[in-house]
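Undergrad: Sequence lines, in order, name chains B and V.
All the letters of the first sequence, read from the start, carry residue numbers 1 to 466 under our numbering.
All the letters of the second sequence, read from the start, carry residue numbers 1 to 102 under our numbering.
Certain hints may be false.
[Claimed, not checked] The list that follows gives simulated cross-link-like pairs (lysine-lysine, DSS-like), each with its CA atoms no further than 25 Å apart: (1) Lys129(B) - Lys300(B); (2) Lys58(B) - Lys300(B); (3) Lys300(B) - Lys14(V); (4) Lys14(V) - Lys58(B); (5) Lys35(V) - Lys5(V).
Hints were generated in silico from the structure; no laboratory data involved.
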Amino acid sequence: MTAEEEPCVRVLVPAGVLGWGVSADEIAAGLALAPHAIAVDAGSTDSGPAYLATGRSKYGRQSIKRDLSLLMDARRRAGIPLLIGSCGTSGCDMAVDQTLEIAMEVAREQGDVLRIAVIYSEQSLADLKARNAGGLVTPLPPAGPLSDESLEACNHIVALLGPEPYMAAVAAGADIVFGGRTTDTAVLAAIPLMRGAGVAAAWHGAKIAECGGLCTINPTSPGVMMSIEREGFTIEPLAPQNRCTPETVSAHMLYENSDPFRLAEPGGVLDVTDAQYCAIDERRVRVTGSRWETRPYTMKLEGAGGGPFQTIMLVGIEDPAVLEDVDRFLARMERGLRDRLTRTLRNEAAMIDLSLRPYGWNAVSGRPAGGAAPPREIGLMLVATAPTQAMATEAARVCNPLFFHFPVREGTEIPSYAFPFSPAEIERGQVFEFHLNHVVHTTSPFELVRTRWIDVSAAPGKAASA
Amino acid sequence: MPSLKDVCRYVRSKNAGPFWVTVDLFFDGAENYAKYHDDPAISADAIAAVYGVDAALVRRFPVASLSMVKISYPRATPQGGVHERDMHSGQQFVPLLELSLR
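The task is simple: from the sequences and hints, build the whole structure.
TA: Okay, structure coming up:
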């Protein structure tokens with residue numbers, strides 16, 4: 001066997017997520033290794049349900065534009081495809097379109113001439129209800145069967161794309177592919193799979209590279225290169241001074257995975273139980289021995305929608321008389337607040353959820369802190385939750401006099417605790433919630449997917465740069 | 001009797017999707033791993049009791065090559081709801097640090 005006979009497909013992964021801050025130096029170092037594509041993930045459910053429920057991106061427009069500018073410039077110079085998965089954090093249609101709009105602005109500024117494929121994977125409520133009724137939606141643990149109510153509670157529902165629509169788009173001539181919600185691995189594995197690299201090696205390499213520099217000794221250095229062959233893959237950081245070691249690479253299978261050995265993907269399961277991680281030199285690691293088990297095609301569903309509204313208030317307390325028995329003080333305060341809500345709001349009070357969270361005592365865990373020494377100060381947060389923002393704010397305002405001036409002991413003078421803002425209450429907005437933990441079975445990877453093509457020509461008066 | 005923090009070099013917790021939490025116990029060396037990775041204090045039943053979840057759903061993966069044990073359990077409520085206190089579940093490892101080992 002010679003190295004020349006092996007397919008070796010190199011994918012430049014500039015960062016774990018678009019908008020994190022790619023490095024121009026690292027991209028230049030990566031391009032010198034002649035990659036076949038640049039691929040990066042742009043989304044996650046990691047930061048909570050608000051991004052999918054609202055379609056709003058976690059990263060700011062300027063962060064995304066900066067990274068896109070560097071990547072689109074690198075793509076044009078290298079003449080290789082650029083693949084971006086889970087655009088706009090949630091990968092719902094409006095999030096993809098926001099990313100596309102930024103890219104079009106960059107293309108105009110750079111005088112770029114290119115063919116863009118946009119792959120959408122947001123799903124319609126009616127279609128999913130029909131598929132669910134037809135037995136094509138199954139739960140993942142710990143969820144139960146999917147109900148119409150859960151589907152209806154979602155503002156947006158996305159199905160996680162596999163690599164096939166990306167492969168088809170690039171095969172049809174796309175220079176850049178902007179994808180809706182996609183598994184982190186699929187967008188990175190697409191080009192190696194398309195060019196005949198090993199299936200297990202492609203998926204495992206993609207899993208290791210999906211968080212960029214997190215699989216290196218210096219996770220703040222964002223980029224890595226994965227080189228996928230038939231029987232294995234090699235991973236190395238883009239920054240010359242950074243290193244991958246067998247431990248940093250193998251440990252990455254642990255990160256954010258509930259199972260460190262088996263990873264379910266659209267159309268199969270990656271099994272790395274018997275994978276071997278070997279150092280090639282000081283900064284490169286070669287991985288072999290992973291397996292791919294083909295399964296009927298499924299796409300994971302994610303859905304999130306809006307719930308009730310919250311208004312919060314914050315106060316600082318340093319008074320030792322309060323802090324010598326925080327639990328007792330809070331229990332009395334909670335009773336006092338509840339009584340006042342009931343007296344003032346009557347029937348509406350039953351719709352108000354009040355939560356007192358003493359930071360510096362036990363706000364993080366919510367577990368009893370019994371026996372702990374008194375803290376030096378606490379920051380006490382009151383969270384009022386109600387069906388409307390107006391009701392939540394009204395509840396907070398009803399609580400205001402007691403919350404900021406609750407007596408240390410009954411019948412004593414009225415104290416004032418340290419509140420930092422005026423007005424004191426802060427309208428936090430809506431609570432968002434995830435509702436789906438299910439997969440949908442499809443007959444093909446394209447069944448739930450829509451692809452749109454955009455040809456970008458140089459704007460009048462602007463020449464395409466070489 | 002040592003506590004878990006005495007025999008681990010690093011313990012961390014993190015959300016694994018919106019419905020699961022995963023805890024990584026990195027033992028301090030192969031010897032500590034060999035001695036303590038099966039300790040009853042970190043069994044599926046014990047972990048279920050600490051977090052108030054169903055023991056049948058607690059998943060446990062010893063990884064000898066990294067001298068670590070990964071333990072995953074379902075969240076009591078999905079990430080981000082009305083009573084969320086730890087969006088990334090990044091502080092959920094703390095109650096394990098003082099567990100007494102055999």
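Undergrad: Hint by hint, say whether it matches the structure.
TA: Status of each hint after checking the structure:
1. As the CA atoms of Lys129(B) and Lys300(B) are separated by approximately 15 Å, the hinted pair is consistent with the 25 Å bound.
2. For the hint pairing Lys58(B) with Lys300(B), the CA-to-CA distance comes to about 21 Å; that is within 25 Å, so the pair holds.
3. For the proposed pair Lys300(B) and Lys14(V), the alpha carbon gap of about 21 Å is at most 25 Å, so the pair holds.
4. Of the supplied pair hints, the one linking Lys14(V) and Lys58(B) holds, its CA atoms being roughly 19 Å apart against a limit of 25 Å.
5. With a CA separation close to 14 Å, the supplied pair Lys35(V) and Lys5(V) stays within the 25 Å bound.
Of the numbered hints stated above, none is contradicted by the structure.
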